[in-house]
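Trainee: Each chain, letter by letter, is given below.
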Amino acid sequence: MAQEANGTYKNGTYNGWDGASIRALFDPKTGWLDRRVHSDEALYKLELERIFARSWNFICHDSQIPNPGDYFINYIGEDQVIAVRDETGKVNVLLNTCRHRGNALCRAEQGHAKSFVCSYHGWNYALDGRLIGVPGQKTYYHNDLDRSRLGLMRARSETYLGFHFATMSEDAPSLHDFLGDAGRTGLGMMCAFEDIEVVDGIQKNVIDCNWKIAVDNLFDWYHVMYSHASANSSGLVDLSKVLFPNNQMVMLGEYGHAISGPGLPQATQDQINQLSDQQRIEMAKTLDHPLPRIRPQKALELMGSVGIRSMGHPNIFPNLWITLEGLQMCLRLPRGPRHTELWWFTFVPRSATGERRRRMIEMATHLFGPAGLLEQDDGENWSQSTRACSGVASRTLGEALVMGVGRDKVEVAENGQRRVETGINEHGQRWLYRAWTEWMTADNWAELKARTPQAEGVV
Amino acid sequence: MSAQALANPARKASPGMTLSDRALLQFQIEQFLYEEAALLDAQNYREWFSLVTEDIHYWMPIRRTVTRSDRDREFTKPGDMAFFDDDHRLLEMRVKKLEASSAWSEDPPSRSRHFVSNVRILDVADDDITVDVCFHLYRTRLNSEVDSWIGRRTDVLRRFGTTFRLAKRHIFLDQTLILAKNMSTLF
Numbered sequence: 000m001a002q003e004a005n006g007t008y009k010n011g012t013y014n015g016w017d018g019a020s021i022r023a024l025f026d027p028k029t030g031w032l033d034r035r036v037h038s039d040e041a042l043y044k045l046e047l048e049r050i051f052a053r054s055w056n057f058i059c060h061d062s063q064i065p066n067p068g069d070y071f072i073n074y075i076g077e078d079q080v081i082a083v084r085d086e087t088g089k090v091n092v093l094l095n096t097c098r099h100r101g102n103a104l105c106r107a108e109q110g111h112a113k114s115f116v117c118s119y120h121g122w123n124y125a126l127d128g129r130l131i132g133v134p135g136q137k138t139y140y141h142n143d144l145d146r147s148r149l150g151l152m153r154a155r156s157e158t159y160l161g162f163h164f165a166t167m168s169e170d171a172p173s174l175h176d177f178l179g180d181a182g183r184t185g186l187g188m189m190c191a192f193e194d195i196e197v198v199d200g201i202q203k204n205v206i207d208c209n210w211k212i213a214v215d216n217l218f219d220w221y222h223v224m225y226s227h228a229s230a231n232s233s234g235l236v237d238l239s240k241v242l243f244p245n246n247q248m249v250m251l252g253e254y255g256h257a258i259s260g261p262g263l264p265q266a267t268q269d270q271i272n273q274l275s276d277q278q279r280i281e282m283a284k285t286l287d288h289p290l291p292r293i294r295p296q297k298a299l300e301l302m303g304s305v306g307i308r309s310m311g312h313p314n315i316f317p318n319l320w321i322t323l324e325g326l327q328m329c330l331r332l333p334r335g336p337r338h339t340e341l342w343w344f345t346f347v348p349r350s351a352t353g354e355r356r357r358r359m360i361e362m363a364t365h366l367f368g369p370a371g372l373l374e375q376d377d378g379e380n381w382s383q384s385t386r387a388c389s390g391v392a393s394r395t396l397g398e399a400l401v402m403g404v405g406r407d408k409v410e411v412a413e414n415g416q417r418r419v420e421t422g423i424n425e426h427g428q429r430w431l432y433r434a435w436t437e438w439m440t441a442d443n444w445a446e447l448k449a450r451t452p453q454a455e456g457v458v
Numbered sequence: 000m001s002a003q004a005l006a007n008p009a010r011k012a013s014p015g016m017t018l019s020d021r022a023l024l025q026f027q028i029e030q031f032l033y034e035e036a037a038l039l040d041a042q043n044y045r046e047w048f049s050l051v052t053e054d055i056h057y058w059m060p061i062r063r064t065v066t067r068s069d070r071d072r073e074f075t076k077p078g079d080m081a082f083f084d085d086d087h088r089l090l091e092m093r094v095k096k097l098e099a100s101s102a103w104s105e106d107p108p109s110r111s112r113h114f115v116s117n118v119r120i121l122d123v124a125d126d127d128i129t130v131d132v133c134f135h136l137y138r139t140r141l142n143s144e145v146d147s148w149i150g151r152r153t154d155v156l157r158r159f160g161t162t163f164r165l166a167k168r169h170i171f172l173d174q175t176l177i178l179a180k181n182m183s184t185l186f
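Chains as they are written, first to last, in numbering that gives the first Met the number 0: chain V, 0 to 458; chain W, 0 to 186.
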C-alpha cells in the first residue's frame, strides 16, 4: 500500500506552486479559470499524486472478468494495474510491475491466466499477488530471498453495484462514502433498468487534449447543438429530442461528483410514480426519443426521488462519465498534460437479446467512440482549446465558465439530495474545478474530507 | 473469428479459370479498388456511396492486444462492439454528415491518401468476388496532425455490368489503442 502520496510536495510548494497560487487558478464566485490548469507540467504531476493516487478509480465491471484467472488491465493515473479474479472469486487490483526489476507481468490488455510469470527472469505471482516462484531461489539466491515481502503491490479495491474501483490511498474513505449520494446516484443510473453486463469490446483512442477538458465537456449541454450540428444532419439522432426536456437539473455532490443535464419536471415524475412497471414500458413505447425508456420503480431506491428525474450526465470524480442514461461509460485517462486516452465501456441488460440488444449497441457504436457521429467533432475542439493553454499570451486569458454564475439557488430535498433547477448552465464545470482546487491543495484525506464543498445557497 | 483465419484467409480454388481469366479479373478488381480509393481521397463521398450495394456491411471490429493463447479473442465478434458496424442506412448517415456544412472534424478538410496493395482474390462465387487487400490510409489534418492507419480488409465485390459494386468491407486495423483523436474519414 502506498504512503499518502505527497513525497514530492516539499514545504508546502511544488515546483513553485503552493496552496495559495493553486487556489488562485479558479474563482468559483466568478467562474474564471486559469488556462494553465490545462497545460502546466508541474500541476499535471501533482494531479497524479493528489487526485488519481488518492481517489477511487473505476477499474472494471464484474462481468468483464467472470471466471477465476480472468483479468483486465487498467490504470490509476499512469500506474498500470491488473484487475484479476482469484480462485476464491475475489477481485484483486495489483500493480502490473515485477518486484525484481519492474517489468510488466501482463502485456496483453485482457485475458486469462493461472498465475503471472514475469518474462524477464521468470518470477511467478499468484492471482492474489503472492510471489510463489523464483527461479534459482536456492542456487543463485542461497535461500536469502524473503518472498513474503515481495508480493505484487496491491491497490485497495471495493465494489458498488458490480463496478470495481481501486485507490492507492490507505486513508481514503470507503468507496460508498467517497461516492456519496451523487456518485451512488450516477452508478445507480447504470443499473436503474435491469441487471447489466458489459458488451465485449472497449473502444480506446487517444486525443491530444488535457483530461479535464474532456471531463468538463460532459457537463456542457451548450455545445451540443452547435458542435454536433452535422450529426443532427445525418439523421441518426434528433438532438432537440436529446435535449428534451428543456429544463436542466444539476446535482452537485461530494468530492466533485456531479450530474448535469435535462431533468424530468417533478410533475411528470409524480405521474410516472403512479404507474406500474408494465405501464411504464407501455408508456415508453409512445415516447419519441432516441432511447425510449422510463425507469422502473426500483430506480427510486438506486437514484433517489430527485436523481430518478435526471436524463443527464453523471461524472464520478475525477474521470468517469456515464452517458445515454446508463448505456455507456467513458473513462478519461491522463497521459501528460496534453494527452488523454478515452476508454468506452458499453452495457446492455443481461436479458436483452436479438433486435433489442442490436439497437442498443447500434446507438452506442454510432454516437460515441472515435468514429461516432457525435464524438468525431469533440476531439478537435478539445485539442485546439488545450493548445491555446500553452501560448505565452493566450494562456493569460483565462477561460470564462461564467454562464449562470450567482443566479441559481441550491434546493435540498427531504432525502438530502441537492440540486439546481435551471436552464443551460456551467454549474457542473464550476463544481469540477472548485473540487479540483480542494484536491490539489489538501495535504491529506482528513483535510479533503473537511473541505469537500457542500452545495448550498446561491451558486 | 480466429486471428489465424483473419491473418491468412483461405484461398478457394477456382477450377474453371485459366491464368488469363485470373489475370484479367485481377486487373479489373485492382482498377475498381483504385477508382473508389480516388473518390474517397477527392472527398467525393456521394459518388463513392453510389458504388456500394443495398446489402453492404461496412465493419471495423475492435482489436485487442492479447496473448498468443488467447488469439481467438483478438477481434470483437459481429454483433458486439465495433468502431464501424454499418448497413446501407447507417453508412449513408456518415456520408450525410460529411456533406453537412457543419462537419467540423472535416472542415477544414483533412488530406487523405488511400493505398491498396497485396490484392488477393480469395473466392469467386457467382457474381461475388471475395478479395483480401492490405491498405494504408494516411491522413494529415490542420498544419501538424498526421494519422496513419495500416491494416487489411476483406472486401466482397459484386459484378455489376462491366464493373463492380462493394457488397462488404471488413476492416482489420493494425492498432489496438487508436492513435488518433477520431476516425472521421472512410476506409
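For the record, the hints were derived by calculation from the structure and aren't laboratory data.
One or more of the hints may lead you astray.
Claimed, not checked - Below, in silico cross-link-like pairs of lysine to aspartate or glutamate (EDC-like), each with a Cα-Cα straight-line distance of 20 Å or less:
{"hint": "1", "chain 1": "W", "residue 1": "Lys76", "chain 2": "V", "residue 2": "Glu169"}
{"hint": "2", "chain 1": "W", "residue 1": "Lys95", "chain 2": "V", "residue 2": "Asp237"}
{"hint": "3", "chain 1": "W", "residue 1": "Lys95", "chain 2": "V", "residue 2": "Glu361"}
{"hint": "4", "chain 1": "W", "residue 1": "Lys76", "chain 2": "V", "residue 2": "Asp69"}
{"hint": "5", "chain 1": "W", "residue 1": "Lys167", "chain 2": "W", "residue 2": "Asp106"}
{"hint": "6", "chain 1": "W", "residue 1": "Lys76", "chain 2": "V", "residue 2": "Asp442"}
{"hint": "7", "chain 1": "V", "residue 1": "Lys28", "chain 2": "V", "residue 2": "Glu398"}
{"hint": "8", "chain 1": "V", "residue 1": "Lys113", "chain 2": "W", "residue 2": "Asp71"}
{"hint": "9", "chain 1": "V", "residue 1": "Lys113", "chain 2": "W", "residue 2": "Asp131"}
{"hint": "10", "chain 1": "W", "residue 1": "Lys76", "chain 2": "V", "residue 2": "Glu354"}
{"hint": "11", "chain 1": "W", "residue 1": "Lys76", "chain 2": "V", "residue 2": "Glu398"}
{"hint": "12", "chain 1": "W", "residue 1": "Lys95", "chain 2": "W", "residue 2": "Glu53"}
{"hint": "13", "chain 1": "W", "residue 1": "Lys76", "chain 2": "W", "residue 2": "Asp126"}
{"hint": "14", "chain 1": "V", "residue 1": "Lys448", "chain 2": "V", "residue 2": "Glu169"}
{"hint": "15", "chain 1": "V", "residue 1": "Lys448", "chain 2": "V", "residue 2": "Asp180"}
{"hint": "16", "chain 1": "W", "residue 1": "Lys167", "chain 2": "V", "residue 2": "Glu361"}
{"hint": "17", "chain 1": "W", "residue 1": "Lys76", "chain 2": "V", "residue 2": "Glu196"}
What the hints assert, rightly or not - If you only want the chain W side, here are some residues facing chain V, beta carbon under 8 Å, derived:
{"hint": "18", "residue": "Ala9"}
{"hint": "19", "residue": "Ala12"}
{"hint": "20", "residue": "Val65"}
{"hint": "21", "residue": "Thr66"}
{"hint": "22", "residue": "Gly78"}
{"hint": "23", "residue": "Asp79"}
{"hint": "24", "residue": "Phe83"}
{"hint": "25", "residue": "Leu90"}
{"hint": "26", "residue": "Met92"}
{"hint": "27", "residue": "Ser104"}
{"hint": "28", "residue": "His169"}
{"hint": "29", "residue": "Leu176"}
{"hint": "30", "residue": "Ile177"}
{"hint": "31", "residue": "Leu178"}
We put the CB at the ideal spot given by N, CA and C, even for glycine.
Trainee: Confirm or reject each hint.
Mentor: Against the structure, the hints:
1. W:Lys76 to V:Glu169: violated (40 Å)
2. W:Lys95 to V:Asp237: Roughly 14 Å between the alpha carbons, so the hint for Lys95 (chain W) and Asp237 (chain V) holds.
3. W:Lys95 to V:Glu361: Cα-Cα ~18 Å, so holds.
4. W:Lys76 to V:Asp69: holds (19 Å)
5. W:Lys167 to W:Asp106: With a Cα-Cα distance of about 28 Å, the restraint between Lys167 (chain W) and Asp106 (chain W) is violated, given a limit of 20 Å.
6. W:Lys76 to V:Asp442: violated (48 Å)
7. V:Lys28 to V:Glu398: The given pair, whose Cα atoms are some 14 Å apart, holds under the 20 Å limit.
8. V:Lys113 to W:Asp71: Measuring from Cα to Cα gives roughly 18 Å; hence the hint holds.
9. V:Lys113 to W:Asp131: Distance of about 37 Å is beyond 20 Å: violated.
10. W:Lys76 to V:Glu354: holds (17 Å)
11. W:Lys76 to V:Glu398: This hinted pair is violated, its Cα atoms lying about 44 Å apart.
12. W:Lys95 to W:Glu53: holds (16 Å)
13. W:Lys76 to W:Asp126: Since the Cα atoms of Lys76 (chain W) and Asp126 (chain W) sit roughly 26 Å apart, the hinted pair is violated (cutoff 20 Å).
14. V:Lys448 to V:Glu169: Cα-Cα ~14 Å, so holds.
15. V:Lys448 to V:Asp180: holds (15 Å)
16. W:Lys167 to V:Glu361: OK: Lys167 (chain W) and Glu361 (chain V) at ~18 Å, within 20 Å.
17. W:Lys76 to V:Glu196: Holds - the C-alpha atoms of Glu196 (chain V) and Lys76 (chain W) are around 16 Å apart, at most 20 Å.
18. Ala9: violated (25 Å)
19. Ala12: With a minimum Cβ separation of about 35 Å from chain V (threshold 8 Å), the hint on Ala12 (chain W) is violated.
20. Val65: holds (5 Å)
21. Thr66: holds (5 Å)
22. Gly78: holds (7 Å)
23. Asp79: Since chain V brings a Cβ to about 4 Å from Asp79 (chain W), closer than 8 Å, the hint holds.
24. Phe83: Holds: closest Cβ of chain V sits about 6 Å from Phe83 (chain W), inside 8 Å.
25. Leu90: Nearest chain V Cβ about 11 Å off; hint violated.
26. Met92: holds (4 Å)
27. Ser104: Where the cut-off is 8 Å and the nearest Cβ of chain V is about 4 Å from Ser104 (chain W), the hint holds.
28. His169: Because about 15 Å separates His169 (chain W) from the closest Cβ in chain V, which is outside the 8 Å limit, the hint is violated.
29. Leu176: Holds - the Cβ of Leu176 (chain W) comes within 8 Å of chain V, reaching about 5 Å at its closest.
30. Ile177: holds (4 Å)
31. Leu178: holds (6 Å)
In summary, the numbered hints that this structure violates are 1, 5, 6, 9, 11, 13, 18, 19, 25 and 28.
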